[in-house]
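**Q** Sequence:
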Amino acid sequence: MTQPALFKQSFLIMALATLQTVMPTIVAVAALYATIILFGDAFDPSSATIVIVAVACLVLIQPPRESNMQFTSPRISAVVDVIFRWFLILALLLAIAYVTKSQLQAYPRRVFLTWAALTPVALIVTTLGMQELMRRFLMNASEVRSAIIAGYNSTSLELARRMRKNPAMRLEVTGFFDDRSSDRLGVESDSRLIGALSDLGQYAREHRTDVIFIALPIRHLMRVMNLLDDLRDTTASIYYVPDIFVFDLIQARSGEVHGIPVVAMCETPFYGYRGAAKRLTDIALSVIILLLLLPLLALIAVLVKWSSPGPIIFKQRRYGLDGQEIVVYKFRTMKVTEDGAHIRQASKADDRITPFGAVLRRSSLDELPQLINVLQGRMSLVGPRPHAVAHNEEYRKLIKGYMVRHKVLPGITGLAQVNGCRGETSQLHEMQARVNFDLDYLRHWSPMLDIKIILLTIIRVLRDDKAY
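Take any residue in the sequence shown, count from 1 to its spot, add 815: that is its number in this note's numbering.
It is worth saying that the hints were derived from the structure and are not from the lab.
Fair warning: there could be bad hints in the mix.
[To be verified] For lysine-lysine, the following DSBU-like pairs were computed, each having C-alpha atoms within a straight-line distance of at most 35 angstroms:
(1) 1150 to 1130
(2) 1215 to 1130
(3) 1130 to 1267
(4) 1145 to 1215
(5) 1130 to 1212
(6) 1150 to 1120
(7) 1145 to 1120
(8) 1145 to 1130
(9) 1212 to 980
(10) 980 to 1145
(11) 1120 to 1130
(12) 1212 to 1145
(13) 1215 to 1120
(14) 1267 to 1215
(15) 1267 to 1212
This structure is a prediction, so every number in the text was calculated from the model and none was measured.
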């Protein structure tokens, strides 16, 4: 929803929304102050830690929003989201302390650990409390604005559904206007067809309608212009809803470029703080995994060298972010190291695979060196799997939207892999299924989706029969 219609509300609602945004910052700083005083230390409000915590909370911990791909209830999702973002803030503080060789700005370790453990509890209580306060206040608010929609289609129905689910919009959809009959349209039971498009202007004047949404297809531009002419003598706020859902959109959102309105139709989900959050998570988890598995990595390296002649690490050119070539690392599992214009995919009973290589491929341990790729910034823990350059050039000509999957960093695991799309793609429809999951990942990305994919990957690796 755009700003004018959303914020034509009472001052109290805007004040509550502002308080909901800044409350995590207040809670985190207040908790640090209380912890310092509790241990008898001196509180310095100008210290770098206070500033970093305040800025990080303001940027990373935002009020919960509706998600298109939500696996749990809103309250559980809000709790998990707060915990996840709190760990990001702690990781940021530790990273800064490591780089600057400081001890968390001179605060004793007992202060930091106590604060790190207790603050998320306070944040969760505050977040859920503010969420419930906003919900109760908005449900009881009397200043509800009436809205009507010109055009009955999938776009207008989705618009009406989202307004019903979000009381903060404080808009009540009275009904729809369309030149087609109710029988032809198949009007849903919770929707009301008021009349034809030619009746809309008179209805808006007689009923003092507050907001009008024009949701007609782009091809009906003249009908839109005629409606605008008919509505010039009303006081209603009028918004045009472009029928962009007829396209296959990736991370669609609206914005402006120096005052010129634009609609993003294909864009990366990792913009702003979202990209920073994902990168910090990749670095933190990769470092932890590498440190924990260092003895195993050394053992695998020795066994690869001992089991067959050739290099320990297999390097292959693949496409990374924005289709740029990158070099991806794997433990060598074959007698050959192919990286040319034509590469044969690994298949079942492939005579190129070494006996020890088969064990590595079956358990996906051959992918572990890609944690170095993650630290280099070439890959992510979760994302579309990178394919060899030769395979990219082949499939980009056969599958529509194939290259869109490169709008994000490739991953060690991905949505396609946890849904069974692993191993050889001998048929075109198998690669098409993999690409479809990759594009779904781009459309619906969230931190919770990444966590789910990582957990499912661990489970699937233990019982997957498609890795060879």
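**Q** Would you mind marking each hint as holding or not holding in the structure?
**A** How the hints compare with the structure:
{"no.": "1", "hint": "1150 to 1130", "result": "13 angstroms, holds"}
{"no.": "2", "hint": "1215 to 1130", "result": "28 angstroms, holds"}
{"no.": "3", "hint": "1130 to 1267", "result": "29 angstroms, holds"}
{"no.": "4", "hint": "1145 to 1215", "result": "29 angstroms, holds"}
{"no.": "5", "hint": "1130 to 1212", "result": "25 angstroms, holds"}
{"no.": "6", "hint": "1150 to 1120", "result": "11 angstroms, holds"}
{"no.": "7", "hint": "1145 to 1120", "result": "13 angstroms, holds"}
{"no.": "8", "hint": "1145 to 1130", "result": "7 angstroms, holds"}
{"no.": "9", "hint": "1212 to 980", "result": "42 angstroms, violated"}
{"no.": "10", "hint": "980 to 1145", "result": "47 angstroms, violated"}
{"no.": "11", "hint": "1120 to 1130", "result": "15 angstroms, holds"}
{"no.": "12", "hint": "1212 to 1145", "result": "27 angstroms, holds"}
{"no.": "13", "hint": "1215 to 1120", "result": "41 angstroms, violated"}
{"no.": "14", "hint": "1267 to 1215", "result": "28 angstroms, holds"}
{"no.": "15", "hint": "1267 to 1212", "result": "32 angstroms, holds"}
Violated hints, in rising order: 9, 10 and 13; the structure is consistent with all others.
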